[in-house]
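For this one, chain A is given, so just place chains B and C on it according to the hints.
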Amino acid sequence: MTIPPATALSRSSGIRASTGVALVGALLVWVALLGPLLALLAHLTPRSVVSALRQPGAFQPLEVSVLASLIALAVILLLGTPLAYLMARGRLPFPRLWEVGVILPLLTPPLVIGLLLIFMVGPSTPIGAALSRIDLTASDTFFALVLAEVYEAVPYYVLGAAAAFASVDPQLEQAAGLLGDGHWRTFRRVTVPLAAPGLATALAVTWARAMGAFGAVLIIAYHPFGLPMQIWVTLQESGLSSALPFALVLLVVALPLPVGAFIWSSHARRRL
Amino acid sequence: MLAADFEVARRDFTVGLDIQVAPGERVAVLGPSGAGKTTLLEAIAGLVPLTAGEIWLDQDRISSARSPRRDTRMGHRRVGLLRQNPGLFPHLTVLENICYPPGALPVQAVATAARMGLSGLQHARPQGLSGGEAQRVALCRALQTELRLLCLDEPFSSLDRPLGRELLGVVREALTDSGAAAVLVTHQLSDAQAFADRVAILHRGSVLQIGDPREVVLRPKSALVASLVGYRGWLRRGDHVLAIHPDLAHPVGAEEGDGVISGRVVGIVPDGALVDVELTAEGDWVGRWHARLAEPPQLGSRLYFRPETAPRFPGSEAVFD
Amino acid sequence: MSAIFLVTASALVSVSVAPAAAATGSTGLANLASAGSLQLLLDRYLGPAFVRASGDRYQNQSAGSQGLAQEIVAGELSPNVFLPIGSAAMRLLEPRFTRWAVRFAASPLVVAYYPRGPHAGRLKQISQGKLPLKDLFTLMARPGFKLGRTDPALDPQGQGFVEMVHLAERYLGVSPVTANADLGGASASSQIFSETGLDASLQAGQLDAASAYLPQAVQLGMPYISLPPKINFGDPRDSPIYARATLTLATGQVVHGSLLDLEVSELRVGGDPGAGNAFIRFLLGSRARGILTRRGYTLLSPTLLGRRAAAPGWIRALTQKR
Chain A
1 MTIPPATALS RSSGIRASTG VALVGALLVW VALLGPLLAL LAHLTPRSVV
51 SALRQPGAFQ PLEVSVLASL IALAVILLLG TPLAYLMARG RLPFPRLWEV
101 GVILPLLTPP LVIGLLLIFM VGPSTPIGAA LSRIDLTASD TFFALVLAEV
151 YEAVPYYVLG AAAAFASVDP QLEQAAGLLG DGHWRTFRRV TVPLAAPGLA
201 TALAVTWARA MGAFGAVLII AYHPFGLPMQ IWVTLQESGL SSALPFALVL
251 LVVALPLPVG AFIWSSHARR RL
Chain B
1001 MLAADFEVAR RDFTVGLDIQ VAPGERVAVL GPSGAGKTTL LEAIAGLVPL
1051 TAGEIWLDQD RISSARSPRR DTRMGHRRVG LLRQNPGLFP HLTVLENICY
1101 PPGALPVQAV ATAARMGLSG LQHARPQGLS GGEAQRVALC RALQTELRLL
1151 CLDEPFSSLD RPLGRELLGV VREALTDSGA AAVLVTHQLS DAQAFADRVA
1201 ILHRGSVLQI GDPREVVLRP KSALVASLVG YRGWLRRGDH VLAIHPDLAH
1251 PVGAEEGDGV ISGRVVGIVP DGALVDVELT AEGDWVGRWH ARLAEPPQLG
1301 SRLYFRPETA PRFPGSEAVF D
Chain C
2001 MSAIFLVTAS ALVSVSVAPA AAATGSTGLA NLASAGSLQL LLDRYLGPAF
2051 VRASGDRYQN QSAGSQGLAQ EIVAGELSPN VFLPIGSAAM RLLEPRFTRW
2101 AVRFAASPLV VAYYPRGPHA GRLKQISQGK LPLKDLFTLM ARPGFKLGRT
2151 DPALDPQGQG FVEMVHLAER YLGVSPVTAN ADLGGASASS QIFSETGLDA
2201 SLQAGQLDAA SAYLPQAVQL GMPYISLPPK INFGDPRDSP IYARATLTLA
2251 TGQVVHGSLL DLEVSELRVG GDPGAGNAFI RFLLGSRARG ILTRRGYTLL
2301 SPTLLGRRAA APGWIRALTQ KR
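Protein chains in written order, with this note's numbering: chain A, 1 to 272; chain B, 1001 to 1321; chain C, 2001 to 2322.
Bound-form chain A, shown alone:
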């Protein structure tokens, strides 16, 4: 049975119209998201950037941020991957409880996370005292900075990685087991390669979050200055035009890893 021509036309133009609307909506969101970046670039003059970066010690916060974020990322990967995997495979008792636990830091304003961390690992707490025995203080130190970044960023990784692991067919893991692989080999040779695109995206987001962590950092790790603190302090000291170059540095330094991860991820996904 053929559709009368008029209906066919209106149906296809209806599809075109809804696609068009979707595209326009997507474009609006994208432009809105990019807005601050465009404002940043418009506000900066090359000269102000150069003079800000020529200050002595101008690159110190950059080193601190990058190093702290890399360590935080490694910690999150190490501690978060088993949790994400167990969550994905439903092998944890009271699964809802675990999910709530993971999402709570996300729901808590970072400022509050910082305040609560004082009560949890501050120098006079039991945990803080134990830490100081191995020469670590969770207050105004590099260790505290890494800790604050971990707390702000770990939910992003765990939730993203859990989704990535869940997308791997458990029957494939079982097949690997049947063929002779133990748990670790199966994880390494089957689970991770298949989950890799999703894991890469999760890592990219986590990295971005760690680099930009500010709320908890402000409370427990004022020093050593990472880039976000540098921006905040410079803003108050010398005004917006001096602070913005550091915002640009933050973007330039933080961006490549996520972009690379997205590119690799979509490439790998196509191969699967």
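None of these hints come from the bench; they were simulated from the model. Remember, predicted model here, so these are calculated numbers, not experimental data. Keep in mind that a hint or two might mislead.
Derived contacts from chain A toward chain B, CB cut-off under 10 angstroms, selection only [stated by the list, open to error]:
#, residue
1, Q171
2, G177
3, G180
4, A268
Label pairs and their calculated CB-CB ranges [stated by the list, open to error]:
#, chain 1, residue 1, chain 2, residue 2, range
5, A, A74, C, T2293, 54 to 60 angstroms
6, A, G25, C, A2063, 34 to 40 angstroms
7, A, F262, B, M1001, 53 to 59 angstroms
For every residue, glycine included, the Cβ atom is placed at its ideal position computed from N, Cα and C.
Just chains B and C, lined up with the frame of chain A:
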């Protein structure tokens, strides 16, 4: 050699098996859906723990209900499992899949692949394979693990029948080459008979009968078994029930002695090259049966049937009324 | 870009002010930018009292004085009243936004301490005068004593505290070695907290002591050790002494110690001049001064700073030298 005598308790019933499979022997377990066939294989492959009994493979006790912690881990039992889902790893090529098992030797893998007609597909990805090709790769891959026993969980039931039959033949050949034994579970009697040296009939977790592929059909031990191996006719007279197999229900002339049962044709349906004729018993026999005949009779006409070879069961075992 | 922000901000302010003015006829909006430590004082006490007394509306944003001044200069903020602590922030706004300021109170430095910490006993005795004040500095110099303070680069309190320790060398006989240890020596940066972080850490008992303004310690409910006027940056008569303490910031800028005073001024760009004026009038009146005293601030007779001629007449009259 497999020596299994175990039970696995499920929510609905307990699945149990007591069987010995000699090296190189092929056993089929026939049963309808939900009979527990998959559970049996999962127990043998080591995917589920036993609730009673033990499983021995050659000299090794690979599963025990009493000390489940010492069960040999799946993958170390040298028991392979082929399922409906071939489980090929999508991120690896066909050859990489075949070489996946830890002890696999590339040279051997290539040779096995060639024997199964997979040479041209070595560098293809599983996503591009047809169902039959994927199962061949899965079989090839399983064979790289020095199997002593291959379990098959209706692996070809989603493929069309001729292809499935062909693949069963491929499996048989491969098993003959490797000397491994096999346990096939299926709900298709013809597959079971084609593949196996012995056929076991499974119903709600229990093996009702096990024997030669023809024996279980020609001499079912109970009405229940008969109903599971293709008998579609039940005639009751007094305390006896006769089970009638459509392929063995050739009509005879009325005069050929008493003990002949007469029936009236009530239905005629084409069945392949033959016709399936449904008849209602007359006289002191009560019931209906089916016969597969070469020529369609007249609807309503009378046919005669000699019950000598039909298995006889006590009335209490009646499956249909 | 700044122009666009300025226009937008002004438009928003006038949009919010104009209809209200049209509706009620006479109420304006006192739009304050004030030092962070004044937030509670303004939002909970002075602000509501002002609204009740004048019928105008009140709005306040409290943050680091320096940072606020920078935002005003950049055009991102347009308050009609500016209430910093210390003159440095106010000076940033001269001459473009204002040419005068009134000093009306002071916020002296104290050392607040955690009452249940390991050193609390000693600190209490010092605060009661049972042990000499010099012992405070010796105690703070002990390794393991956790002292916190705010960032000298940003905060008059942070600057003041460092200068206070240096003045203690001169007037309390604290040795330079002790003073250096007090300020953390090589790991000075681990003593420095943001304001919120400092308050929270002290209250949680993660610090033994912290720098504070007297009213702030009162507000936090923490016990404190008072400091003598010569070193607490709270007495205008000791301004020459304060000025002798210097501090070199990371930017290379050299800062001289100065009174930690509360100053107020009306800014030119902030919308409604009437309401701003009304707030300052209220602030310098007896009602407000009573509140200030109760909250722990040191009252000073209003002094006009900057260009006398530029100030409104009534302020000139009020601050006439007697």
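Problem set entry | Agreement of hint Q171 (chain A) with chain B interface, Cβ distance less than 10 angstroms | Because about 6 angstroms separates Q171 (chain A) from the closest Cβ in chain B, which is inside the 10 angstroms limit, the hint holds.
For this session: Classify the hint on G177 (chain A) as holds or violated, based on whether any CB of chain B lies nearer than 10 angstroms to its CB.
Result: Holds: closest Cβ of chain B sits about 5 angstroms from G177 (chain A), inside 10 angstroms.
Exercise. With 10 angstroms as the cut and Cβ atoms as the points, is A268 (chain A) at the interface with chain B?
Worked result: holds, 8 angstroms
Problem set entry | Verdict for A74 (chain A), T2293 (chain C) (Cβ pair) under range 54 to 60 angstroms | holds, 56 angstroms
Exercise. Does 34 to 40 angstroms hold as the CB distance between G25 (chain A) and A2063 (chain C), or does it fail?
Worked result: holds, 37 angstroms
For this session: Evaluate the given range 53 to 59 angstroms for the C-beta pair formed by F262 (chain A) and M1001 (chain B).
Result: At 55 angstroms between Cβs, range holds.
Exercise. Can the hint on G180 (chain A) be confirmed by a CB-to-CB distance to chain B that is less than 10 angstroms?
Worked result: holds, 4 angstroms
Hint compliance for this structure: every hint is met.
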